[in-house]
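Visitor: We have chain A already, so just place chain B on it with the hints.
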Amino acid sequence: MPVELPKTSLDWATDALEEFDQPRNEETVDANGIRTITQYTTNEDGKKVKVTRRIRRIEKRTLVNHQVAERKTWAKFGAEKGSKPGPDNATTTVGENVTLKLHAGAKNTETTQQEQTKNPLVNKQVKCRLCQGEHFTAKCPYREELQLVGIGDVNADDIPPSDAGPAASAPGGSKYVPPSRRAGGGAGESMNRNRDDLPTLRVTNVSEDASEDDLRDLFSRFGKVFRVYIGRDRETGIGKGYAFVSFEDRANAEKAMQKVHGMGYDNLILNCQWSQPREARPAPA
Amino acid sequence: MRPILLQGHERSLTQIKYNADGDLIFSCSKDHRINVWYSHNGERLGTYDGHNGTIWTVDVDSESRFLISGSADNMMKLWEVKTGKCLYTWEFPTAIKRVAFSEDDNYIACITEQRMGYQGAIRIFQINRKGDGKDQSKEPNFMFHPIESKATVLAFSATSDQLVTGHESGKLTLYNTKTGEEVVSNKRAHREVVTDIQMSPDRSYFITSSKDKSAKLYDTKTLDELKSYTTETPLNSAAIAPGRPYILLGGGQEAMNVTTTSARQGKFETRFWHKIFEEEVGRVKGHFGPINTIAVHPAGTSYASGGEDGFIRVHHFDESYFRARPYGDMEPEEE
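Heads up: the sequence lines are chains A and B, in that order.
In this text, residue positions in the first sequence follow UniProt numbering: the first is 1, and each later residue adds one.
In this text, residue positions in the second sequence follow UniProt numbering: the first is 1, and each later residue adds one.
Next up, chain A with everything else stripped away, as it sits in the complex (with noise of 0.2 Å):
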């Protein structure tokens, strides 16, 4: 991140004075081979600037025959003449990822997702807010009369319409349904909704292999899992060997807990116990 120290005079002398009071480079490597490289410059505008790049160096080998690796050395010529080796940013650039993704039939699935994607348009009826006709609200014939008697205020707000269950079950439905007005859907989630409010199970001993995904295979089979977090390092983003496991459904955590305390995963023997609130955990010894 650039730093920018207050800008001083520009005077040859007193700039040549700075270069020698500005700190010097640093380079440091840190446990997990992280090379913490800090600079610091003077900018365009006479600002110095620090910046601090942080790289993780990971050496390849390939091996290649000997004309191949000859070929390497040549020298460039035509229009690279001169070039210094490595790619030019000129001429080459790395583009956006793009998966390629292999499965018998491919072109079928293709085809019925357009299909997919242009039915609900074809299918969508138009309906006045206040008459019920088929026409846009604002095309109204009747739209004054009723808005003045206040029919249609009334009948677009208060009284919730009464196919509301049909077209929130059927797929496709072009009408907004809040999640606690859903058929078969619960209260929806909240933004206020306490995390640690839900049973939550503290997992240690985990692989450093295993990622959420291995974990919510895992757990979910005892019951809906809400959430799967897993303590990772923050440089190398390997896991630390512990996770939290949010059940929505206490009983469901407790038979999971049960059952997967002292079980055996990826070699290491699981360890699983309620999680403590942040206030109540004992210090760590």
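Simulated from the structure, these hints should not be mistaken for lab results.
Please note: incorrect hints may appear among the correct ones.
What the hints assert, rightly or not - If you anchor each label on the Cβ, the simulated ranges turn out as follows:
id: 1; chain 1: A; residue 1: Lys81; chain 2: B; residue 2: Glu254; range: 34 to 42 Å
id: 2; chain 1: B; residue 1: Pro298; chain 2: A; residue 2: Ile58; range: 43 to 51 Å
id: 3; chain 1: A; residue 1: Lys50; chain 2: B; residue 2: Ser200; range: 54 to 62 Å
id: 4; chain 1: A; residue 1: Ile55; chain 2: B; residue 2: Thr222; range: 55 to 63 Å
id: 5; chain 1: B; residue 1: Glu232; chain 2: A; residue 2: Lys139; range: 38 to 46 Å
id: 6; chain 1: A; residue 1: Lys240; chain 2: B; residue 2: Ile276; range: 24 to 32 Å
id: 7; chain 1: B; residue 1: Glu232; chain 2: A; residue 2: Arg35; range: 49 to 57 Å
id: 8; chain 1: A; residue 1: Tyr265; chain 2: B; residue 2: Gln7; range: 29 to 37 Å
id: 9; chain 1: B; residue 1: Glu232; chain 2: A; residue 2: Pro141; range: 43 to 51 Å
id: 10; chain 1: B; residue 1: Glu278; chain 2: A; residue 2: Arg35; range: 49 to 57 Å
id: 11; chain 1: B; residue 1: Glu232; chain 2: A; residue 2: Thr204; range: 51 to 59 Å
Yeah, the Cβ is synthetic: ideal placement off N, Cα and C, and Gly gets one too.
Guide: Coordinates of chain B only, in the frame set by chain A:
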């Protein structure tokens, strides 16, 4: 996978070739320039400058020593791959549409266009590989004129005395290069012009693509149809992926109609088809125009596509590509 974008051409690509080891990619374009790139990182090694017209075609020998190119300026040039020097130039009355090295590197074949009162011709030259390569014979060893429909593409079979040509009418012909006579021909191979022909690694079969929206596998000896892949758009190129049972197809709507439709409808994706089951198994998007040419690394680890948009996209396959078994147990054993 993250493709490497090579922006060395100002106009649409006409052909891309990997060398035998797969470490170099040669590309030619309508902007009169041939580029050579390192395939592993997309670095441009150099350019071969000297042509004065659209370069329709390039080919490289198996030692990566000589490069041959054919252009609309009626010239065919032999280049030294390492230095970019032009070693020899042949001049013809009409443009050169396709060139190819034979399996043993000793012969080159070229197709010249039928135009301005000249008949289309196929010429075979013997390459003098001794010395610096500048001493080549001006006259072809053999020359013959295809009858009926003009030839558009060609490739040598496993031996240098036979070559396969694709024609404007959709016909395929196996010629004897020494006598110029037709050994076998398949008049109904395609319904429209054959746009590309690429041999399998052992040259026992080959793939053709055509404007009739299909690509087909043919047996080199008998020209019998082995497999057929039918798509929705005209095809400009087809390639066989070594090591895995896939076929790569490139094409898309004609360049002249591109502005009238969206990229999605244009189908400018590289399409992967299963070689045996003749079904599409995947797509890779990225080009803004039709794909003119596709080449696959000889070891099957990467592929490059060149489009009407002037870009080359080099894709190194992810591990998932090699692990994928779209048809499960029905999948054939690895080649």
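Visitor: Sort out which numbered hints this structure fails and list those numbers smallest first.
Guide: When the structure is compared with the hints, numbers 2, 6 and 8 turn out to be violated.
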